[in-house]
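Protein chains in written order, with this note's numbering: chain Z, 1 to 417; chain W, 1001 to 1309.
Treat the hints as calculated values from the structure; they're not laboratory data.
Among these hints, one or two may not hold up.
To be verified - Estimated spans, in silico, between C-beta atoms of each pair:
(1) Z/A60 <-> W/Q1022: 53 to 59 Å
(2) W/A1194 <-> Z/T401: 50 to 56 Å
(3) Z/I224 <-> W/I1236: 46 to 52 Å
Said to hold, decoys possible - Derived contacts from chain Z toward chain W, CB cut-off under 8 Å, selection only:
(4) G184
(5) D239
(6) G243
(7) D389
Said to hold, decoys possible - Simulated coverage check for chain Z against chain W, where a stretch passes if three residues somewhere in it have a Cβ under 8 Å from a Cβ of chain W:
(8) 69–75
(9) 262–270
(10) 396–409
For clarity, every value in this text was computed on a predicted model and none was experimentally measured.
Cβ coordinates follow ideal geometry from the N, Cα and C atoms, glycine included.
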Amino acid sequence: MKTIHALAAGALLATAVGQAQAAQIEVLHWWTSGGEAKAANLLKEKLEAKGHTWKDFAVAGGAGDSAMTVLKSRAISGNPPAVAQIKGPLIQEWGEMGFLGNIDKAAEADGWDDFLPQEIAAYDKVDGHYAAVPVNIHRINWIWANPEVLKASGVEEVPQTWDAFFEAADKIREAGYIPLAHGGQPWQDATVFEVVMMGIGGGDFYRKAFVELDPEALTSDTMIESLETFKKLRGTMDDNIAGRDWNIATSMVINGKAAMQIMGDWAKGEFTAAGMTPGEDYECVAPPMTEHMFSYNTDSLAMFDVDDAGQQQAQLDLASLVLSPDFQASFNQAKGSIPVRLDVPLDDFDACAKASREAFDVAMDEGGLVPSLAHGMAVSDSQQGAVFDVITNFFNDPDMTAETAAERLVSAVRAAE
Amino acid sequence: MSPHVSSPRVGGKGRRRSLAGQVERFLPRLVVAPSLAVALFFVYGYMLWTFVLSLTDSRMLPQYDFVGFAQYARLFANERWNVAATNLVVFGGLFIVSCLVIGLLLAIFLDQRIRQEGALRTIYLYPMALSLIVTGVVWRWLLNPGLGIQALVRSWGFEDFTFNWLVDSDMAIYTLVIAAVWQASGFVMALFLAGLRGIDDSLFQAAALDGASLPRIYLRIVLPSLRPVVFSAVMILAHIAIKSFDLVMALTGGGPGYATDLPATFMYAHTFTRGQIGLGSASAIMMLCGVLAILVPYLYSELRGQRNG
């Protein structure tokens, strides 16, 4: 009996001591699909090795839409999780409303400013202080191609101009394949459009149109040309795109039904799951005219303002774990993205990731590094939604002209302001 | 039920009875009170809150900087809202009318003392047992030009057959009508059938003796007496139409573009995913006004008619 009491007291003491340094933190994220869930689990294990407890709060679906809805309701009820996956300009909005904490301590200790690209790090700072930690960099402008289908259609390589693309598409169509696999969902339409536009207009034009939402740029001839090229792409797709998910479109490329797909590098996970090797069974090539450009989408973990010292410590530990070279390498290999740390070697990564990093470096030097509007990196939610509405409606309405669409872009964006 | 009735009559014993009477009087109120409070709070309280929010500049989270009716002005300038409102008129009108017509015809045919009526009734009624999500997914497959009806007919050799409403932004709204009518008309049939069974056979016989033809009997005698059934059916169908959300999400996702957006999907998108709570609340209040604008006059005329007749 005595020993039991002693044991119990000891255990109590141990937990009490433990609580002073370690704590349970709740982490809201939407890393729920195969490779992503594995990647998230890795982070959980590493955090728990430091003595903290990771309370998983995964909300699947809708590229984070559902997770954001849950986060808002939790925040309104005064009970936000300690850590939440938030993206792009939204971090600023949460920060300005006073919800986020400050993790400068971790940033200073590890020297984040030395190895993070400034443009990416800017998203994670609120009033000059780090409130979030970036996890990865996805490249949006990729074409995923099935080389066998291209060969069977007499197309030598993935075209590098839009004229060549439409010529190749005709050949592929004649050979009995679908030239471009696509899913008719607003964000997918917008993804394809922004890739077309950044190629035709270049980095400065893209930033004017899709970051500043400058009315002149939105109605310029470059914009009209981009819209027309985008609409022409509708003819290179099949008739059944309505509502199709992106991974179904990817599987059409994998199965040899379609030749190419324009999609961010998370598509790589589908090819990997099908047991295919990049460069041999499938190819990743920059879409026409975007070879030296890089449209990025980064995930960040934002740290909410917490009072408990243990939880604050857990947040700092989590932040420095996320940016540890080890974790950066293993997480991004599972996720398909590239490390957000510029000093992590990519020796173990596949060819597509290496190409992605090269493109990133070149784009950063030449001004071709742009935030993806389709993936919530460029403008606020409401403006993004307004742009989606116009793009997807233009794409699906055979009678709407590019000029009308451009004018609607301007008025829709203004209305969402 | 006033105390004057019960207490003076039976003296001493009456005391206990009046206590029982008191309990009897208050018990129903007591039992109903919590649910009333809950309904008041969660339905009417939140309606009020939504209205308050629609007058504010709320974006991602609710906040209380009042801007008057500016959100309503923005709403009516919004191209997508106009599409959604027009769609509701088209969808709601066609849906209610088609369900009533098909339901009534099915009920009249079933009422002709045919064999296996029970089995047929069950078959027609079954779609109602499915959730709208299931209906939406099934019809999405059926209407998909590459998988469903179009592909089937083409495989029979009719190469030029096209039925691609689902991907045609002008026609997509009608696919919603098709799926919703398929789901709900069996239920309307059951309502009408019950109404028909309630009509006295002697009415038919009397009319037949007078030499009225069968269509005439239905038009002049049966339909007027089914008026209360039409009333309930319209009530139920109208609210299904206005709150339609799951069917749109499953069948078209609001697309192509936003061609099949309805006010409910508009409200959800703006309030919850686009961080425009003010605008979303304004659209929710407009939906409420739409419901009231249709239902109040209808209720008024129907209920007044019943009282007079």
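To see whether the hints hold, each was checked on the structure:
Between Z/A60 and W/Q1022 the beta carbon distance is about 56 Å. The supplied range of 53 to 59 Å therefore holds. Distance hint for W/A1194 and Z/T401: a CB-CB separation of about 54 Å, consistent with the stated range 50 to 56 Å. Between Z/I224 and W/I1236, the C-beta spacing of about 49 Å keeps the proposed range 46 to 52 Å intact. Because the closest C-beta pair between Z/G184 and chain W is about 6 Å apart, less than 8 Å, the hint holds.
The interface hint given for Z/D239 holds, since its Cβ lies 5 Å from the closest Cβ of chain W, which is under the 8 Å cut-off. Taken as an interface hint, Z/G243 checks out: its beta carbon lies about 5 Å from the nearest beta carbon of chain W, inside 8 Å. With its C-beta approaching chain W no nearer than about 5 Å, Z/D389 sits inside the 8 Å limit, and its interface hint holds. Look at the stretch 69–75 of chain Z against chain W: 3 of its residues bring a Cβ nearer than 8 Å to a Cβ of that chain, three or more, so the hint holds.
Counting residues of the stretch 262–270 of chain Z whose CB falls under 8 Å from any CB of chain W gives 0; the rule of at least 3 is not met. Interface restraint, the stretch 396–409 of chain Z with chain W: holds (3 residues with C-beta to C-beta distance below 8 Å; minimum three).
In summary, the one numbered hint that this structure violates is 9.
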